[in-house]
Structures are given as structure tokens and as C-alpha cells.
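Colleague: The chain contents come next:
There are 2 protein chains.
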Amino acid sequence: MDNVEFGRIAIIGMGNVGKHLLTAFTQNNISVAEIYTRDYNESKSISEYFPVTPVKEIATISADLCIVCVSDRAINDVINQLPRAAKIAYTSGSVELDIIDRKEQIGVFYPLQTFSKEMVLNYREIPFFIESYSPEISLELFQLASKISEQVHFSDSDLRKKMHLAAVFVNNFVNHQIYIAEQLSCQFAFDPEVLLPLLKETVNKAIVNGAFLSQTGPAKRGESLIISQHEQLLDNDNFKAIYKAITKSIISTYHDKL
Amino acid sequence: MDNVEFGRIAIIGMGNVGKHLLTAFTQNNISVAEIYTRDYNESKSISEYFPVTPVKEIATISADLCIVCVSDRAINDVINQLPRAAKIAYTSGSVELDIIDRKEQIGVFYPLQTFSKEMVLNYREIPFFIESYSPEISLELFQLASKISEQVHFSDSDLRKKMHLAAVFVNNFVNHQIYIAEQLSCQFAFDPEVLLPLLKETVNKAIVNGAFLSQTGPAKRGESLIISQHEQLLDNDNFKAIYKAITKSIISTYHDKL
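Protein sequences, first through last, are from chains A and B.
Residue numbering for the first sequence follows the working numbering, starting at 2 and increasing by one per position.
Residue numbering for the second sequence follows the working numbering, starting at 2 and increasing by one per position.
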């Protein structure tokens with residue numbers, strides 16, 4: 002199928018990002034003509050649910066625009082295998098445009114979100130960041146992202162990498178704090194569900210009031226006795242090192258600023 | 002005013018916990034007869050909005066049950082000033098019952114939540130943890146908490162302290178990750194709002210799938226080049242130390258377990 006504005010689109014890679022983009026495009030009446038994954042059977046089974054052609058050999062892709070949703074370390078290799086005629090965009094936050102061998106008809110289409118198979122997302126609020134050497138490709142990718150989302154921005158590789166670093170704190174590191182709490186609930190034999198209202202409210206409060214004003218706890222209050230009791234309770238050395246590093250940073254944040 | 006089941010109730014301390022308990026009791030038709038704070042004018046102004054008597058001298062409180070919502074380090078002192086005839090409960094997660102001088106008619110009434118002035122909370126889902134030497138006081142505090150919340154449990158001081166430690170990770174440390182991301186957005190000149198859909202989805206995903214399965218990012222994938230680029234971008238030593246400690250722990254979690 003052809004899209005009037007964007008021609009035929011292919012998605013390369015059917016991990017979480019690729020599958021969610023396929024869903025988001027389809028929901029917004031953007032046809033995806035072709036999909037490619039290393040596992041052709043997976044592509045075939047996806048083509049039972051979406052009106053797409055599964056492609057067996059990457060070099061035979063015939064789409065006008067290929068969106069590459071593979072792991073960071075595979076991006077350059079995959080792009081080198083794609084037909085020279087196609088316009089190409091990749092979806093990574095960390096991979097700089099100038100490390101890609103290909104210099105023509107290439108751009109970035111980066112959604113700042115965490116994707117997983119099971120979760121239903123509101124695509125309209127996901128920020129997309131667009132980059133290209135070519136103003137025409139930039140504009141085309143911007144318009145394509147705008148069909149899915151209301152939050153589309155241009156960003157160069159340097160800023161995208163910096164936002165990705167902030168995203169690591171907000172996503173990867175927040176998730177690991179929750180993981181540690183889950184592990185403690187297991188070790189200390191209490192139901193981790195008792196922590197969920199607190200977790201939800203922590204995020205609500207940080208969003209409404211900002212995290213600086215929302216900070217509470219023994220480190221903020223400088224309660225050294227409770228801090229040392231907590232450290233004694235932690236018998237996992239990595240968890241203890243995290244406790245110490247974050248506590249030191251909180252103390253320094255409020256000691257220096259207040 | 003008298004409550005048939007609980008007699009006259011006083012709340013000592015009108016910080017965030019005290020104010021929210023006053024609101025929660027009032028919403029659930031539990032009368033609060035008296036309130037006390039160090040700043041009598043604050044008590045008087047609260048008494049314009051709630052049907053409570055502001056008390057000027059702590060020793061003159063005449064309630065049957067005093068709920069002490071003061072900072073951890075002030076709890077024992079405040080309890081020592083209260084009339085001997087009153088039953089007393091305090092609301093701390095960290096303060097053990099056996100370090101309180103008073104041994105009779107004393108209990109713990111601990112809500113596992115973060116409270117702030119501005120935020121409206123659904124009290125029915127807040128877990129309360131109850132402890133007392135006296136079965137009668139335990140039962141009375143359990144019944145009182147059950148008027149506010151559907152999540153009331155008994156817990157001894159040791160378990161309460163362990164849950165409080167897990168709460169530090171879920172609340173204080175999650176908040177500090179968000180703070181660091183806010184600081185990076187400021188330093189790198191991008192709008193922190195672009196991180197909010199990611200933050201919300203991070204928590205949704207951890208709640209639905211558990212944090213172990215939800216982990217993504219360079220540390221999970223062992224991308225040492227991106228990790229070292231991130232460390233170079235962090236010029237705050239505390240933030241860099243946190244990045245290193247959490248990255249090490251994530252690598253160890255997935256390296257050891259997979």
C-alpha cells in the first residue's frame with residue numbers, strides 16, 4: 002500500500018519498538034507495506050494480523066522509507082544492507098548520526114519512551130526527536146511522527162544523547178530502585194503490594210511539585226542513626242553501595258542549597 | 002466531640018502527616034476533638050476549617066487517644082509531656098516501640114505513604130501498620146485505621162523498619178533519580194516535560210510486569226561504550242557515583258541471574 006505523503010514504508014526489526022511503531026502507524030491510517038525480521042516466521046505471523054508483506058531477504062526490501070528498529074550495535078550493519086534507493090531512519094537515542102556509514106537519505110526517528118509487548122501506550126503523548134543532514138528528510142520524518150504523536154521535535158545527536166542519559170535515570174535507574182524494593186520485600190517477607198500506593202504517589206508528587214521540593218526521608222533530614230541502621234540491614238553489597246551513593250547525593254543537594 | 006468507639010481523639014503535630022490524618026478522620030466521620038502544634042496560631046487557624054479545639058499547652062490535652070505526628074527525633078519527648086491517662090499512638094516507620102520511655106497504653110499507627118500539603122490522596126488504599134504491647138490498644142488502633150483505609154496490618158518494629166527501608170528506595174531514591182534528570186534537563190537545556198511520559202510508563206510497567214522483567218537500558222544490555230559516554234557527560238561527582246553504583250548493580254543482577 003502507498004501513503005500519499007510518505008510512499009511505501011517498511012519497518013526493519015520487530016522488537017518492542019518495531020511492533021509498537023507498526024501498531025501506532027496502523028492506528029493512524031499510515032500503511033506499513035513491508036516488515037523484516039531475522040526470523041521470517043515471526044514476520045509471517047505478524048502479517049496475519051497486520052496488512053503487511055513479510056520480507057525474507059533484507060536486500061529485497063522495496064519500500065521508499067525504511068524505519069530501522071534494531072539494537073544499537075546492529076544499526077549500522079543493517080543500514081548497509083538496505084537498498085541504496087530507500088530513505089532510511091533509525092530509532093535510537095544513543096547512536097549518533099555521524100557514526101553511520103551512510104550519509105545520504107538518512108535520518109533519526111527517536112521515540113523517547115520505554116516499549117514492552119504487553120503494555121498499551123498512548124502514542125499521542127510520546128515525544129519524538131527527528132534529525133537528518135537533509136532538510137527534506139527532516140521534514141518528512143517530522144510530518145510522519147506528527148501523524149502518531151503531538152510531541153514532535155527536532156534534535157541533533159548531541160542533545161539526543163543527553164536526553165537519553167536523563168532517560169536512563171528516569172527509566173532504567175528508577176526501575177532498579179523498584180527492583181531493590183521488590184528484593185527487600187522478598188528477603189524480609191512482606192507483600193511488595195504495600196509499596197505500590199507510595200510508588201504511585203512518589204511519581205505524582207514529583208510531577209506536580211518537582212523532585213527538588215518533593216524530597217523527604219532520612220537523608221534529606223540528615224538522620225544519621227536511621228541511615229546507619231538501614232545500611233546494616235542491607236546485606237547485598239551493590240544495594241548498599243547504591244544506598245550510600247544516593248544518600249550522599251541527597252545530603253549534598255540539600256546541605257549545599259538550603 | 003466523642004466517638005462511640007474511640008472516645009475523644011487528639012492529633013499532636015500539624016505537619017503533613019497530622020493534617021492528612023485530620024482530613025482522613027473528618028472525611029470518615031471520626032471526630033478529632035483537639036489538635037496541638039508548637040505554633041498555637043496555626044492550630045487556631047486550622048480550627049476555623051475543622052471542628053477541633055486548638056490546645057495551647059500540650060500537658061492540658063484531655064483526649065482519650067493522642068496520635069503523635071511529630072518528627073522522629075521529637076516523638077519520645079512529646080510523648081513524655083502528654084498526660085499519663087491518655088492512650089498514645091505515633092506514626093513513624095523507623096522509631097522502634099522499645100526505645101520509647103513510656104511502656105503503657107502506647108502503640109504505633111504508621112501510614113506507609115508520602116504526604117504533602119498540596120496533594121489529594123485516596124486514603125482507602127494507604128497501608129497502615131499497627132503495633133502495641135497491649136492487645137486492646139492494637140485492636141483499637143486497628144479498628145481506627147480501618148475506618149480510613151482498607152489496607153490495615155499488624156507489624157512489629159523490626160518489620161516496620163525493614164518496610165521503611167524499602168520505602169526509602171521506592172520513594173526517596175526514585176525521587177532523587179527524577180531530581181537528577183530534572184537537573185540534567187536544566188544543564189543540557191531541554192524541556193523536562195519530555196521525560197514525563199517515560200516516567201509514568203516506567204512505573205506502570207514495573208507495577209504490571211515487575212521490575213526484574215522491566216529493566217532495559219545500556220547497563221542491562223552491557224553496552225560499555227554508551228556507559229562510558231554517559232559517565233563523561235556527568236560532571237557532578239555525586240551523580241556520576243550514583244550512575245556507576247546503579248549500573249554496576251544492574252550488570253550484576255542480569256549477569257548473575259541470566
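Calculated directly from the structure, the hints in this document are not laboratory data.
Hints may be right or wrong, so weigh each one.
Restricting the straight-line Cα-Cα distance to at most 27 Å, the calculated cross-link-like pairs of lysine-lysine (BS3-like) are [stated by the list, open to error]:
(1) 148(B) / 221(A)
(2) 249(A) / 57(B)
(3) 249(A) / 20(B)
(4) 20(B) / 241(A)
(5) 201(A) / 57(B)
(6) 45(A) / 20(A)
(7) 162(B) / 245(A)
Residues from chain B that keep clear of chain A, each with C-beta distances beyond 10 Å, as calculated [stated by the list, open to error]:
(8) 4
(9) 29
(10) 52
(11) 83
(12) 98
(13) 136
(14) 154
(15) 197
If you're wondering where the values come from, they're calculated on a predicted model, not measured in any experiment.
Just so you know, even glycine gets a beta-carbon here, dropped at the ideal spot from N, CA and C.
Colleague: The structure should be examined with respect to each hint, and the outcome stated for every one.
Modeller: To see whether the hints hold, each was checked on the structure:
no. : hint            : result
1   : 148(B) / 221(A) : 32 Å, violated
2   : 249(A) / 57(B)  : 39 Å, violated
3   : 249(A) / 20(B)  : 30 Å, violated
4   : 20(B) / 241(A)  : 34 Å, violated
5   : 201(A) / 57(B)  : 37 Å, violated
6   : 45(A) / 20(A)   : 13 Å, holds
7   : 162(B) / 245(A) : 18 Å, holds
8   : 4               : 26 Å, holds
9   : 29              : 17 Å, holds
10  : 52              : 28 Å, holds
11  : 83              : 23 Å, holds
12  : 98              : 15 Å, holds
13  : 136             : 22 Å, holds
14  : 154             : 7 Å, violated
15  : 197             : 6 Å, violated
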